[in-house]
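Number of protein chains: 2
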Amino acid sequence: MDPSYQLLADKLHRQIDARTYLPGDRLPSVRELAKDHGFSLETVLHAFRLLENKGLVEARVRSGFYVREPRLRLIAAPTKTQTIFRAKDVAVSSLRHQTVTLGTSKHVVPLGLSLLGSEVLPVRKLAQTAASAARRYPGETSNQGPPAGIELLRQQLAQRANAWGCFLSPDDFVITCGASEALHLALRAVSQPGDIILVESPTYFGVLEIIQGLGLRVVELATDPVQGIDLGDLENALQRFNRVAACLLVTNCSNPLGYSLSTKTKHNLVRLLAKFGVPLIEDDIFGELHRPETERPKVAKSFDQDGSVILIGSFSKTLAPGLRVGWIVPGKFHDRVLELKSATSLATPSLPQLTVAEFLKFGSFDAHLRRLRKFLAEQVYRFSCAIAENFPASTRISRPSGGFLLWIELEEDFDALELAAEALNRFRIAVAPGNIFSATGERYTNCFRVSCGHAFSPRFAEAIQTVGRLAARSSAPRRMANSR
Amino acid sequence: MDPSYQLLADKLHRQIDARTYLPGDRLPSVRELAKDHGFSLETVLHAFRLLENKGLVEARVRSGFYVREPRLRLIAAPTKTQTIFRAKDVAVSSLRHQTVTLGTSKHVVPLGLSLLGSEVLPVRKLAQTAASAARRYPGETSNQGPPAGIELLRQQLAQRANAWGCFLSPDDFVITCGASEALHLALRAVSQPGDIILVESPTYFGVLEIIQGLGLRVVELATDPVQGIDLGDLENALQRFNRVAACLLVTNCSNPLGYSLSTKTKHNLVRLLAKFGVPLIEDDIFGELHRPETERPKVAKSFDQDGSVILIGSFSKTLAPGLRVGWIVPGKFHDRVLELKSATSLATPSLPQLTVAEFLKFGSFDAHLRRLRKFLAEQVYRFSCAIAENFPASTRISRPSGGFLLWIELEEDFDALELAAEALNRFRIAVAPGNIFSATGERYTNCFRVSCGHAFSPRFAEAIQTVGRLAARSSAPRRMANSR
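Those protein sequences? They're chains P and E, same order as listed.
Using numbering that gives the first Met the number 0, read the first sequence as starting at 0 and increasing by one per residue.
Using numbering that gives the first Met the number 0, read the second sequence as starting at 0 and increasing by one per residue.
Note that these hints are calculated values from the structure, not bench results.
Here the structure is a predicted model, which is why all the values come from computation and not from measurement.
Take the hints with a grain of salt, since some may be wrong.
Derived EDC-like pairs (lysine to aspartate or glutamate); straight-line CA-CA distance at most 16 Å [unchecked claim]:
#	chain 1	residue 1	chain 2	residue 2
1	P	K105	E	E150
2	P	K79	P	E294
3	E	K105	P	E294
4	P	K373	P	E294
5	P	K10	P	D35
6	E	K105	E	E118
Coverage of chain P stretches by chain E, computed from C-beta distances (three or more under 8 Å per stretch; other residues unrestricted) [to be verified]:
#	stretch
7	2-11
8	117-125
9	270-282
10	460-470
Glycine included, C-beta positions come from ideal geometry on N, C-alpha and C.
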């Protein structure tokens, strides 16, 4: 039998077809539908996302779901990707490095890195908090803290973990220099060089970079742009390969595609991996940036029975990337991770940790998050519209379940690398070319990722226009050349 | 022919023997001798150190060198160590980890880690600087900075490098999370797993930990407690082993023995390594903490012709370990190091960097350093005296040329590990047992390191008494048992 979200989606679809709701009409709210028909909020949302993906409805920020004007061009979601059942070394990529380096340059339009603009970060309040933290804790600021991190911050994190579905205590956490260090520690704790890491594909390039640096290999699992990985594929991979050291996934608002695994998939995922004795490294860095109309998605860690789920997060996507404060809940790998942490960097700088701890305690972090979610949903919508308007008709765009990243897929023979290079060199616009999201750099050559972490100003409108023009121009002659 | 410092030392020795200067008399100052006889300051200092090591003279803080009372017991320097011409894997050591973890606990007397006490750090001033940096640069505090680090700080460092004998520019520097990350990046940039790193022995245990983590091997070079490594041994090792990826040394105020390589040795060292095409990783973390009566020692990097010297430093030993601000001048490995940096931790937190930059610019860092050097020299003297008083007569103590570490050598059959464990478990006193300064944990089992980074208060006097009592007690029955 179809799952209940599918049944609900079908019912709503029929209602729309039957002109129960006209184009432009607002559909009942998620809460109303859930209450009236006894569904969970998640089921209703899932149904809406299916309809959205078919182009039948659209989400409007702070408002709800509306029936779409059918005359508006339907933007397709990216195609489902394929699993490649082969363990691959990750190729060194100077492009990945270039993407990171240029991403923080003031002289380029920053569509490349997943960084938030200053206009949406609580810049002044954070500076005040940092100043008062320094004055309040002068000794802690100067002295080297414990390798696990400042206890004040670990307390705050443990309290927040309830919202993720976990019961955790301060001692479960190790504070890190951003999620990058956390990923690095997690991978080192569970693997030996040559081991295989199962990743979703496309994969955040930073993860590939770390995997390459540790001499690990990857198997790239297929993903659906809405559902994420397929557990059948995962099981298949677990059966085929015997040196699988871990499965590493962004379970909520993934990077780059933006899907979130359903609660049920998370549960089954944890069960399946436990059956094979393979740890899950769960990167929840975008978890707080779910869509404003939805609940905070749970983490797979909440289903962890034996400590084999390693949960990772950060404040870089919610508060300030400049603080470089991340964290890891290493589960049964706690001692090993702590050893590696103290051997690599002794301790995380104290002042950024104190700043975050004070902000969490006194800075109305949750109110900030609510504003941030609305802001980001709005930018994602505006960037999506601009891309739809300015790009070739065949362009496919992801509909993220949160976060602020868009995955753009052009026609198959399109060379996104060439586009990225021209955008950067001629127009100082940075986008992240798709191939850096694959292990060998050979896949997703017709895709790129666009970050919507800034307010959609005329500067960004113009940049999208420019990139759209490049996309239109370079796909036209190419097709002509092919037809010769 | 003997080197000139040897000749000068002989002359002064003869003068003392001939009662030109009586016990308690102050010898001519370093500057006077240098001026009067046309020596360099370094030559005179070297001569004084030879005399000091023979127990003929003693340095008194802020004052100069004095003829020693001959009836005072002569404390011998540690014995010269041996080179082991065998490439060794570094053993995992939970002891090293324990040393780091306990080192920052408030409940133990901190003689274990090389950390400075709050009383000597500019805690209030630094907190004020951090607060004003946060308010002055709110955007930079929140936003992710460039992987190479904040330019303001790199500028300050490049200006300071003149005093180390180097001409450097901001672009030569990459800012890191402490010297630990810098060492990690340097080693990764020059080596592949299985490669050999030439290290001085005893070696700072943090370096061994990093080497172990990267799957590298070491060859441990002999050291003299005053002169440091022997270049003959080094050449021998370079000839014998063909997978030498780098030589890693603390060239100034080494850890744990406290020697500084002479300027001439540094020059020859760089030439020798260049001949074999082997990079030098120069850890200058204690370079600013030379003895107050001496000049800032030059770095080997100042003799670098082709960029194969990688220079590393930090503000953890001079300003605040809690900031975790270190740096690396990677020379010809610049691009590789920057790539690894951005792949491992993206960027160093901004606020600690801004705090250091502002402190360097406005905080009278040099005045602070002058006070710090005097303070540390005094503590090293007071801790040394206390150890001499409270430990068995056969105890040997290093006479560091700077920094704030003492290396204590007990009789050969002594078990320092047992002593460290008892001191910790029964008396909550942390010392660093000697064996963690060797690759396999089998050497220096009769040694331990004591940190003198705190004011010698009654708490420390008592701790030294306690450890001395343990040392006396456990060596007595052991010798009796041996004589049976």
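Sort out which numbered hints this structure fails and list those numbers smallest first.
-> Hint check: 2, 3, 7, 9, 10 fail, others pass.
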